[in-house]
Every structure is written in C-alpha cells, then in structure tokens.
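**Student:** Here is how the chains run, residue by residue.
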Amino acid sequence: MPPHLRTDLPKGVRDIMPLALGAALYGTAFGLLAAQAGMSTLQTGVMGAFVFSGSAQFVAVERLAAGAGAITALIAGIALNLRMLLMTASLRDVLADRPLWQKILGVHMTTDESWALFHATRAKGQTTSYWYLVGAGLGMWLLWLASTLAGVSFAASLPEPRALGIDFAFTAAFIAILRGMWSGNRDLAPWAVSAATVAGLNTFTPMEPSWALVIGGILGALTAAIGGKHATL
Amino acid sequence: MPPFNLVIAGLIVANLVIRLGGYYLGAALPQSGPWARGLKALPGTLITALVTLQLMQGGANEWIAASAAFATAIATRSLPLTMIAGILAIYALRNWA
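For the protein sequence lines, the chains are C and Z, in the order given. In this text, residue positions in the first sequence follow the numbering used here: the first is 580, and each later residue adds one. In this text, residue positions in the second sequence follow the numbering used here: the first is -17, and each later residue adds one.
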C-alpha cells in the first residue's frame, strides 16, 4: 500500500467530518424531497452515489416534480454544476501523474467541501496528496449517501405529506441554500437580474417555466461576469 | 411518472464530463476574470430564479410562508430550522387561516 494512501486517506476522511456533517443535513432533506417527488430508494441512492452533487440533484428533481420535461430538468442540473470545471482545473497538479481510473475517482470525489478543505489545508502549508483529496471526498460521499437514504426512510414514515405542508419544503430548502450562497453585496445585481428575468418571462411570454429559469440564471451570471471586480475562486 | 431514470443517467454522464473536462481543459480555463466570475455566480442566480418561479406559482399562503422561511434563514443560516419554519407556517395557514 503506498504510504500516502495509508496515512492521508484516513486524515482526509477525518478532516472533512465537520463539513460532511453539515452536508448530511442537506442529504436528509434531499432524500425526503426525492421520495416526495416519487423517486424510489434505488433511484435516490444511485443519484446520490454517482451524481454526487447536492444542488444539481435538488434542482433537477424539483424541476421534474414541477412537471418539467427531462431535457429542461437536465439542463438546469448541468448549468448548476458548470462551476466545477474551475474546481477540477485547479487540481491539475494532484491528478496529472495518476492512471485514468484514479483521475476519474479523484474528480468524482471533488465537491465544494472536499475541494475547499484540500486548498485550505494546502494553504496552511501541510502536505496535501491525491489520497488526502480522495479521503475527504470519500467522507463526504459516505455521509451524503447515508443521509440521503435516511431522508427517504423518514419520508416513508410521514402519513400525508401535502396535508403536513411538506410540498413547501422544496421552496424552504432553496431559501436556506440561497442564504448559504449569499456572499455580500456583489451578489445583489446578478440575483436581481435573474429574478426580474424569470418574473418578466413568466408573466409576459408563454415560455415553459424551466427555460425561463435557465435564461434568468444565465443572464444573472452574465451580470456577474460583466460587473464584478472580485474574481477569486 | 416523471422521467427520473433518464435525468439521473444524463446527470451522471454530464457530471463526469464536467469534472473530467475541468481537469483536461486545465490551464485553458481562466481562474479569474469575467468567465470565472460568471461560472462562479451561476448556482446563486439559478437558485434565485428557481425560488422566484416557485413563488410566482404559489398563492398568498406560499408568500407568507416563504417570508417566514426567509426571516429564519437570515437569522439562523440553518437549513433544518428554515425548512421547519416554512413547513409550520404553510401548515398553519392552510389549516387555520
């Protein structure tokens, strides 16, 4: 066993735990909502394990539950994950000398949390190997999967979701996610453009709502691209 | 039944392409500047668009419950508490208002 695998993998798993426990709350919420939307336990588990991307999963499933077609749900989920291009691009030096299967494993284990931990640990001057990244991702993956499935079981124990108001849980969850994403006044203009675009398209055109959503998101991102001065990732 | 399997399979493939694509495009991708800012802003703007859409499709009860959820989110930054506040508010409005 390579020395980094023996030492760094468990260290990555250990270091990610506080962040993974936070993500597990989202996992439980996702499982609950996926079951509510009509997904089976197997579908929810496969999605959690192989898509392994919280916000894209939330958005795609919400769109399907809202009656959107597969293509628009897919585009919304994909658009949400495009930022990951930048994240794995910044891991080039870690993945470069690895065989293909390890590259695939490494990029699959790259999440917002494992990526941030990896760079934070490196910034502190500590050794950060490939296996540290994989360990951090693995810790996230295990808790994400377990919490997602726990959410599905929890949903099964609820008698009448709509009567309890659980159908509103998607909206409440997205409001909480937005609060977590807010990084200050520089978000104001992009978010306002996005909301105004959706409101306008939905009111004045017969456009399918999911397309309005994607166009609103893109115009908001363009506003950030043109207007912002802070470009650190 | 919504086309869950199709979307799950599509997202699995797309996510792998995006994650591996970032690695292979590597140095060609700018880590700062307009493109990086736009890509980084996309999740927030998409979810803003989604919440806007959900609220436009809801009635007065949903607006009031969303206000309760917003207030809780701002005050606590907690996912479970925000969800509980939103669900309790909509439950109360639908059953007692």
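Hints in this document: simulated from the structure, not taken from any laboratory. Just so it is clear, CB atoms sit at the ideal spot from N, CA and C, and this is done for glycine as well. Heads up, some of the hints might be wrong.
From the structure, some residues in chain C lie toward chain Z, with a derived Cβ separation under 8 Å [claimed, not checked]:
#1 G617
#2 T620
#3 V625
#4 S634
#5 E641
#6 L659
#7 R671
#8 D766
#9 L792
#10 G795
#11 A804
**Student:** Hint by hint, say whether it matches the structure.
**Tutor:** Results for each hint:
Interface hint status for C/G617: upheld, as the beta-carbon distance to the closest one in chain Z is roughly 6 Å, under 8 Å. Taken as an interface hint, C/T620 does not check out: its beta carbon lies about 12 Å from the nearest beta carbon of chain Z, beyond 8 Å. Hint status for C/V625: holds, given a least beta-carbon distance of 6 Å to chain Z, under 8 Å. For C/S634, the interface hint holds, the least distance from its beta-carbon to any beta-carbon of chain Z being 6 Å, beneath 8 Å.
The beta carbon of C/E641 is positioned within 8 Å of a beta carbon in chain Z (closest approach about 7 Å), and the interface hint is therefore held. Interface restraint check: C/L659 against chain Z, minimum CB-CB distance 5 Å, threshold 8 Å, status holds. For the restraint placing C/R671 at the interface with chain Z, the shortest Cβ-Cβ distance is roughly 5 Å, inside the 8 Å limit, so the hint holds. Evaluation of the C/D766 hint against chain Z yields a held restraint, the C-beta minimum of about 6 Å falling below 8 Å.
Annotation: interface hint on C/L792 holds; nearest CB of chain Z at approximately 5 Å, less than 8 Å. For C/G795, the shortest C-beta to C-beta distance to chain Z is roughly 4 Å, which falls under 8 Å, so the interface hint holds. Here the hint on C/A804 is kept, as its CB sits about 3 Å from the closest CB of chain Z, short of 8 Å.
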